[in-house]
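Please model the entire structure based on the sequences and the hints provided.
Taken in sequence, the protein lines are chains L and U.
Going by the numbering used here, the first residue of the first sequence is number 1, and it counts up by one from there.
Going by the numbering used here, the first residue of the second sequence is number 1, and it counts up by one from there.
The hints are simulated quantities; they were obtained by calculation from the structure and are not laboratory data.
Treat the hints with caution; some may be incorrect.
[What the hints assert, rightly or not] Dumping the calculated BS3-like pairs for lysine-lysine here, alpha-carbon to alpha-carbon at most 30 angstroms:
no. : chain 1 : residue 1 : chain 2 : residue 2
1   : L       : K26       : U       : K415
2   : U       : K26       : L       : K151
3   : L       : K151      : U       : K48
4   : U       : K353      : U       : K333
5   : L       : K53       : U       : K231
6   : U       : K151      : L       : K48
7   : L       : K415      : U       : K26
Note that this is a predicted model, so its numbers are computed, not measured.
There are 2 protein chains.
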Amino acid sequence: MPSATTHAACCLATYRCYDEKADFHKKALGIAVGLTVGSWTDLPDARKAEMEKHLGRVVQVDVHEPAASEPASARYADIQIAYPDVNFSRDIPALLVTVFGKLSMDGRIKLIDLDVSDGFRSAFPGPRFGIQGVRDLLGVHDRPLLMSIFKSVIGHDLPALREQFYQQAAGGVDLIKDDEILFENPQTPIEQRVEVCMEAAAQASQVTGQKLLYAANLTGPTFGLIEQARKAIHAGANALLFNVLAYGFDALSELSRHPDIRVPIMAHPALAGAYYPSPYHGIAANVLLGKLMRLAGADLVLFPSPYGSVVMPREENMAIKEALLTDSAAPLKRSFPVPSAGIHPGLVPLILKDFGGEVVVNAGGGVHGHPMGAAAGGRAFRQAIDGCLAGTPLRQYAADGHPELQAAIDAWGLKE
Amino acid sequence: MPSATTHAACCLATYRCYDEKADFHKKALGIAVGLTVGSWTDLPDARKAEMEKHLGRVVQVDVHEPAASEPASARYADIQIAYPDVNFSRDIPALLVTVFGKLSMDGRIKLIDLDVSDGFRSAFPGPRFGIQGVRDLLGVHDRPLLMSIFKSVIGHDLPALREQFYQQAAGGVDLIKDDEILFENPQTPIEQRVEVCMEAAAQASQVTGQKLLYAANLTGPTFGLIEQARKAIHAGANALLFNVLAYGFDALSELSRHPDIRVPIMAHPALAGAYYPSPYHGIAANVLLGKLMRLAGADLVLFPSPYGSVVMPREENMAIKEALLTDSAAPLKRSFPVPSAGIHPGLVPLILKDFGGEVVVNAGGGVHGHPMGAAAGGRAFRQAIDGCLAGTPLRQYAADGHPELQAAIDAWGLKE
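So this is what it looks like as C-alpha cells:
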C-alpha cells in the first residue's frame, strides 16, 4: 500500500463492525480498496501511480475484544476509512452510496460517524437561516424558542384548523408546525391552509405581540416539490416542514438552496427509526439527524428526546446536538435542535440543562392537552422557560402567580 | 370502536413488535388510532360519525409468547393495521410516513409487510417494460438472462471503459451495468461513456449476433435527474441504473413514468442494508426491495443473493422474488429479480432452481475474474445456463466441449 505523507481531500467514514473472529485489519483494507479502486495488489506499478489518488485508506482500526464476562458476539471494531473526494460527485447520494451503499449489506456493520472534507462541504451552502436567522425572523434572541404541533387534524376542515392554530398561537408559541402525516388533500390544500393559518397568526399576534413561524408540510411528488413550496410561500407560508428521509437528503439540499424558497426549513425525522436504533445495522443518529441534516440545509431538526414518550438515549441526543451546533462544521450555519415527543412543561428544566439556550422546546399533547386549554398550554411552557432562565425552582415559580404552569405540573409532574 | 362490516379502501401494514410484557392488543389500537385520527374515545358521537372513514383499524394481532427454552426478550407480536387511503396522497413518501414515520422510532418495531389497496396501486403505472418488455427488447424469450457488471472503473478513461465493455459483451451477456459507485465525473461523463460503450456493444453484436442493454448509472442532483436521463438516452443509453434508496422511491416512480424516459430502469440496492437486516428495526427486504421497487416501476431489481459473497437468507430472497413476480400486484408488470454479489457459473443451478426461468444471472468478478478472461467468463455463464436448461449435470456439460465452463468450475467450484 502507498504511504504518502500528504493525502488528497477525503471524506472519513467510521463503521462499527461486529464479528466473533474476523481479522478486522484485513476487513478494513478490503473496504478501503474494494469500495474505491477495486483491486490494488494485482495492478502494475505504473497503474498504481495513476490510481493512488483514487485509493481509499485505512485511518484507524480499534478492536474491542470482549471482556471475560461478555459473549464472543460482543467482539467488534471501529474502523475508519478515508475516501478520496475525487471518487464521487459533490452530493449526498453519491457520498452515501460510496461509503455505505454495498457495504451496508455486508454483515453486522453500522455507519457510526461521517466527516466530510472542507472541499466537499464547500459545495453545500447549508442552512439558509440557521439559529441566528430564525431568531432574527422572530425577533427573539434571549430565550429558547417554543413550538407547538397541530394534533389530530386528519379529516378536519379549514375553520377547525384555523381555530386550532389560533388557540396554539394565543399561548405565545414562536413556531407552529403541521402534523407530518397531513398531506396535500382536497379538504385543506396547502395554499388555503396557509392562508387561514397565517390569518389566525396575525390575529393572535395582536394579543401576544409576538411574531410566529408556521411550518406547512411540504409533500407530494418529488419533482413537484419546488412548485409546491412556491405555492405555499406565495400563500404566505413563512416556514416549511419536510419529511427528509422519505425523499432523500439531496431533495432537502436542493430545496434549501433554491432561490425561490427563502423560508426556514424544518426537518422531520419520520422513518429515522428504520436506520438508527440497531447497534448492528443502519446509520447512527448523529450522522442521520445531525451532520447530514445540517449539511443538507435544515434550519431546524426534530428528533426524539431522551425525556418523553418516544425516547432516544441521552448520549445519542447529545451527539445530534453537537453535530447541529459545533463550530467544526463552519462555515455552515448552525441548525436548531428540536428534541420532541411527549414533552410537557415539567421537562423544560431537563431540556435546558442538556441543550442550553439554543433549543426549540416542542410540544403537541403538552400544549393541546393542558387542563386549561391549548392557549394555557403555551403559556405554561413560556412560564417554565422564564422560570428556568430566572433560576427559580419551577414549583416556586408556578406557585408565584403562574397558574398555567402549576396546572401543567399538577397534571404531568416535574423533573428538575 | 366502530364495527362496520364494509370498509373503505385501506393500505395494510404489518409490524413485528418485540416487547417482554406489552399488551399488544392495546398497542395495536394505539397505532390504529394514534397514526390516523389521533384520539377516538374522547370524540363526541357526531364527530365520530364524520371521522370514522379516517380511523385506522386493527386487522390482526398474533402474539408469540416465548417457549420455555427462550428468553423473555423473544416475546413478540405481528400486528396488522389498516390505514384508510383517504388519509394520504397517492405517493410512496406519504404512504411510508403514514405507516412507519413516527412509529419507526417507537421501540423494537419492524415493518415486515405492506399491501396497498387496488385504488392506491392504480395511481402507479409500475414497470414500463417489466420482464416481458425487457425480453422483447433483447429478443430473448427462452432462457434466463445474463448480466455483467463493470468492475473497478473509478479513475479509468474512456478507452479503458470501452475495452472492458467490449470484453464483457463479447462473451454473450444480455445486459451490462455500470458500477453503482461510478458517478458523473469529468473523465467519463455519462454522454461520452454511453457513446463509447454503445459503440462497443455494436461491435460485439457483430460477433455474438445478440442485442445488449447497457444500464448507465443515473446520478447527481435530484431535480436534475430527468435532464441527466435525457442526456444519457440522447447519447444512446438503452437502460438506466438508479440508486433508488439514496433518492427515495418517489424519484424512481416519477422517472419510470416520465414520457422522455422510455428505457428499462434497473434498481440498485445500495443502502438497503441500513434497513432490512435487523430483526428488531427497519423495513423487511420483501417490502423494500420487492413490493415498493415494483410499485415504483423498477424493471429489474438487484439484491444480495443467498449464494454469494454478500448474503441474504434464502427465505428473504424468496419473499422478494414473490413480490416481484406475483400476480396479486397486477395490473403492475412483473420486475426481473437479479440476485447478485459473488455469483459464479457453478452457482447457476442453484439460482435457476430457486428462481426458475424468470431471473437475471448477474456477475462481476465471476465474469472478469475468469481464468481465460472476461469474454470467456460470459461464455462460461451462458454454458452453465444452457446446461441447466438441457437438464444436463454441469460437470458433464462442461466436460462435453465447454472449456470455459470447465475452467470456471475448476476455479470456483459447483453447487448443484
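Inset, instruction - If any of the earlier hints don't hold here, list their numbers in rising order. - result: Hint check: nothing fails, all pass.
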